Amino acid sequence: MNSPARQVLVRGNEPTFVRWILISIALLFLSVFLVLPLASVFVEAFARGWRTYVDSIRDPDALSAIRLTLLASGIAVTLNLLFGLMAAWAISRFSFRGKNLLISLIDLPLAISPVVSGLIFVLLFGLHGWFGNWLDDHNVRILFAVPGVVLATIFVTFPFVARELIPFMQAQETEEEEGALVLGASPWRIFFSVTLPNIRWSLLYGVILCSARAMGEFGAVSVVSGHIRGETNTLPLHVEILYNEYNFAAAFSVASLLSLLALVTLVAKKLIEEKAGIRGGQA
Amino acid sequence: MEASLIIRAKEEDDSEHSEALRATRGSTYLRKRGILPGFGLSLGFAVTYLSLIVLIPLSAIFLKTATMHWRDYVTTISSQRVMASYRLTFGASFLGAAIDSVFGLIVAWVLARYRFPGKRIADALVDLPFALPTAVAGISLTALYAPNGWIGRYLHPLGIDIVFTRLGVVVALTFIGLPFVVRSVQPVIEDIATDVEEASASLGASSWQTFRRVIFPAVFPALLTGFTLAFARALGEYGSVIFISGNMPMRTEITSLLVVSKLEQYDYAGATAIASVMLIASFALLMAINGLQARTRKFKEAR
Numbered sequence: 000m001n002s003p004a005r006q007v008l009v010r011g012n013e014p015t016f017v018r019w020i021l022i023s024i025a026l027l028f029l030s031v032f033l034v035l036p037l038a039s040v041f042v043e044a045f046a047r048g049w050r051t052y053v054d055s056i057r058d059p060d061a062l063s064a065i066r067l068t069l070l071a072s073g074i075a076v077t078l079n080l081l082f083g084l085m086a087a088w089a090i091s092r093f094s095f096r097g098k099n100l101l102i103s104l105i106d107l108p109l110a111i112s113p114v115v116s117g118l119i120f121v122l123l124f125g126l127h128g129w130f131g132n133w134l135d136d137h138n139v140r141i142l143f144a145v146p147g148v149v150l151a152t153i154f155v156t157f158p159f160v161a162r163e164l165i166p167f168m169q170a171q172e173t174e175e176e177e178g179a180l181v182l183g184a185s186p187w188r189i190f191f192s193v194t195l196p197n198i199r200w201s202l203l204y205g206v207i208l209c210s211a212r213a214m215g216e217f218g219a220v221s222v223v224s225g226h227i228r229g230e231t232n233t234l235p236l237h238v239e240i241l242y243n244e245y246n247f248a249a250a251f252s253v254a255s256l257l258s259l260l261a262l263v264t265l266v267a268k269k270l271i272e273e274k275a276g277i278r279g280g281q282a
Numbered sequence: 000m001e002a003s004l005i006i007r008a009k010e011e012d013d014s015e016h017s018e019a020l021r022a023t024r025g026s027t028y029l030r031k032r033g034i035l036p037g038f039g040l041s042l043g044f045a046v047t048y049l050s051l052i053v054l055i056p057l058s059a060i061f062l063k064t065a066t067m068h069w070r071d072y073v074t075t076i077s078s079q080r081v082m083a084s085y086r087l088t089f090g091a092s093f094l095g096a097a098i099d100s101v102f103g104l105i106v107a108w109v110l111a112r113y114r115f116p117g118k119r120i121a122d123a124l125v126d127l128p129f130a131l132p133t134a135v136a137g138i139s140l141t142a143l144y145a146p147n148g149w150i151g152r153y154l155h156p157l158g159i160d161i162v163f164t165r166l167g168v169v170v171a172l173t174f175i176g177l178p179f180v181v182r183s184v185q186p187v188i189e190d191i192a193t194d195v196e197e198a199s200a201s202l203g204a205s206s207w208q209t210f211r212r213v214i215f216p217a218v219f220p221a222l223l224t225g226f227t228l229a230f231a232r233a234l235g236e237y238g239s240v241i242f243i244s245g246n247m248p249m250r251t252e253i254t255s256l257l258v259v260s261k262l263e264q265y266d267y268a269g270a271t272a273i274a275s276v277m278l279i280a281s282f283a284l285l286m287a288i289n290g291l292q293a294r295t296r297k298f299k300e301a302r
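Protein chains in written order, with numbering that gives the first Met the number 0: chain A, 0 to 282; chain B, 0 to 302.
Source of the hints: derived by calculation from the structure; they are not laboratory data. Predicted model only: the values in this text are computed from it and were never measured. Keep in mind that the hints are not guaranteed to be accurate.
Covered stretches of chain B (chain A as the covering partner; in silico rule of three or more C-beta atoms under 8 Å from a C-beta of chain A) [claimed, not checked]: (1) 64 to 77; (2) 86 to 94; (3) 100 to 112; (4) 139 to 149; (5) 280 to 286.
Each pair of labels, with its calculated beta carbon distance range [what the hints assert, rightly or not]: (6) B:Asp266 / A:Leu62: 27 to 37 Å; (7) A:Leu195 / B:Phe61: 36 to 46 Å; (8) A:Leu62 / B:Arg250: 51 to 61 Å; (9) B:Thr47 / A:Gly73: 19 to 29 Å.
We treat Cβ as the ideally placed atom computed from N, Cα and C, and that holds for glycine.
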C-alpha cells in the first residue's frame, strides 16, 4: 500500500506502465480535441492585436447582438425555470396517471435537431404558416423578428431545468414539507422556506446549463432570425456573419466572449457538482 | 459492504411501502398522493406550457407532412442529393460516435480510477463541447484543421485534408459527441465494486482478464448508451459542421443543412419532408436509448 506506484491509483490492480499509457492517451486526446480548439479561439481573436479585439466587440452590431442574446436567454431561462419548478413539484410530490409519459415528453426537445426546432416555428408563423395570414393582417411580426428568436430559444432550452430538478426532488423525502403544512405554514411559505433551500444547488445547476445552451444556440435561432444585422442577430449568429465575410479577427473576438462564457459555465458546473455532490449529467 | 446492504434493505423496504400505497390507492384516475398543496396548479401549468411550447408546435411538422402528396413526399426524401446527405450524416455520425466510444471509454476510465496532476481540470473540460456554442466550435475547428492551421499544417503535407472534406464532418461530430460517452460510462466505472475485482484477481485472473470478463461486461450497456446518445446528437448537428464541411452538394452536405437551404428557397414542404425523416430517426433512437437505460438500471439492481 505504501509503494509510490500505489499513489496514482484509486483502485484496480493493473501494472503502473499500463496506467500511465492510459492516462497519456486520455490527456493527449483531450488536448487535441478540446484544449486546442479552445486555445485557438483566443489566439485568433488577438491575432490582429488588442485594439482590433476591443473594436470588434464595441461595434454597434456586436453590442446589439449581446443585448439580444441576453434578452432571449433571460426570458427563456426565467420561463423554463418556472416550468421546471412546476413540473418537478407535480411529478415528485404527487402520483398520477401518465407521469412517465409526461417525463418523457419533457425531454423531447433534446432529441430534435436544432434546425428542425427552428423549422417548427417557420411552419407556425411564416407567411404560409398556420398563423401567418392572421399575424400579417394584424401587423405582428414573430418570424424574422425578436419574438421568433425568443421562442426558438425557449423551445431548445425547454428541458434543462426540469430534467435536473425532477430526479433530484423525486429522491427527496416529503416529511419536512408535510411537517410545515401540519404546523400551519401557507403553501408559499412551505415552498420558500422548506423546498427552495433544499433544492437550491440542483436548481442553480439546471439554470447554469439552461443559460449556457440559451446563449450559445445556433441552428434553431439561425432558421428563425432572418439574420438582420443590429436587429435579430444573436452572438453566435453575429460570429457566423463576420466569419462568412472573411472578417476572421472580429469573428474570433466575438467568439472569444462566448468561449469565456463556456469556461465560466464549466467552472460553475464543476464547483456545484463538488459542493452539492451532484453527479455530472449529460447535455 | 455492510453499509451497502443496509441501503439495499432500506430500498426494498421503501419499494414495498410504495407498493402497499399503490395497492390501497387502486387505479383511480389522476389521484394525488399525500397532503401537500399545489397539485392542480403545478400540473396544470406544466401541461399547458408543455403543450404550447412543444407539443402543438411539433405537431405542425406532421400536419404539414400530411398535406403533401405521397408521391411528392417520397420524391423529395429520396432524391439523389438528399440520399447523399443521409449517407454522409449517418456515416459520419456513426464514425464520430465510434471514435468517441473508444477514447471516451479511456478518458472515463482514467478519470474514474486514477489520480494524476490536472485531473480536476480534465474532468471539467470534458463538458466543453456541451458548453461551447456550436458555431464557435465550428470556426475554431476549421481554423485548426485548415492547411495553415495548427493541426492542418502537419496533415496537409501527408495528403490528408480535413477542412471541406467528409473527414471534417467526422472531426466536428467527434468533438460534439465526446461528453455523452464519458458521462454515461464514468459513473458506472466508479460504481463497479472493488470486491468483485479483488475476487477476480484472487481467483488468479490477470488484470486484462479481469477487465475483459468482469469490468467490460458491466460497462458495456452504459457504453452503448453513450454511443447512441452521441450518435443521436450528431445526426441533428448543424452549427459545428457547416463551417468545416464546405457544404458541397453530393459530397459534404449534411441533412440538416439541406433543411435550411430548402427553407431559404421558401420550399417549406420540401424542408418539412426532410425534417420528418430526421424526426423519425431521432425518435427511434430516443426509444432505443430509453430501452438501453432501462436495461442498465436493471443490471444495476440485479447486482
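Outcome of the hint check:
With 0 residues carrying a beta carbon less than 8 Å from a beta carbon of chain A, the segment 64 to 77 of chain B misses the three-residue requirement, and the given coverage is violated. Given as covered by chain A, the segment 86 to 94 of chain B fails the check, having 0 residues with a CB less than 8 Å from a CB of that chain where 3 are the minimum. Here the segment 100 to 112 of chain B counts 8 residues with a CB under 8 Å from a CB of chain A, which clears the bar of 3, and the coverage holds. Counting residues of the segment 139 to 149 of chain B whose CB falls under 8 Å from any CB of chain A gives 6; the rule of at least 3 is met.
Check on the segment 280 to 286 of chain B: 4 of its residues sit with their Cβ under 8 Å from a Cβ of chain A, so the three-residue criterion for coverage holds. The hint said 27 to 37 Å for the Cβ distance between Asp266 (chain B) and Leu62 (chain A), and at roughly 35 Å that hint holds. Checking the proposed 36 to 46 Å range against Leu195 (chain A) and Phe61 (chain B) shows it holds: the Cβ atoms sit about 39 Å from each other. Between Leu62 (chain A) and Arg250 (chain B) the C-beta distance comes to about 39 Å, which lies outside the given range of 51 to 61 Å.
Restraint check, Thr47 (chain B) to Gly73 (chain A): a C-beta distance of roughly 22 Å satisfies the suggested window 19 to 29 Å.
Checked against the numbered hints given earlier, the structure breaks hints 1, 2, 8 and satisfies all the rest.
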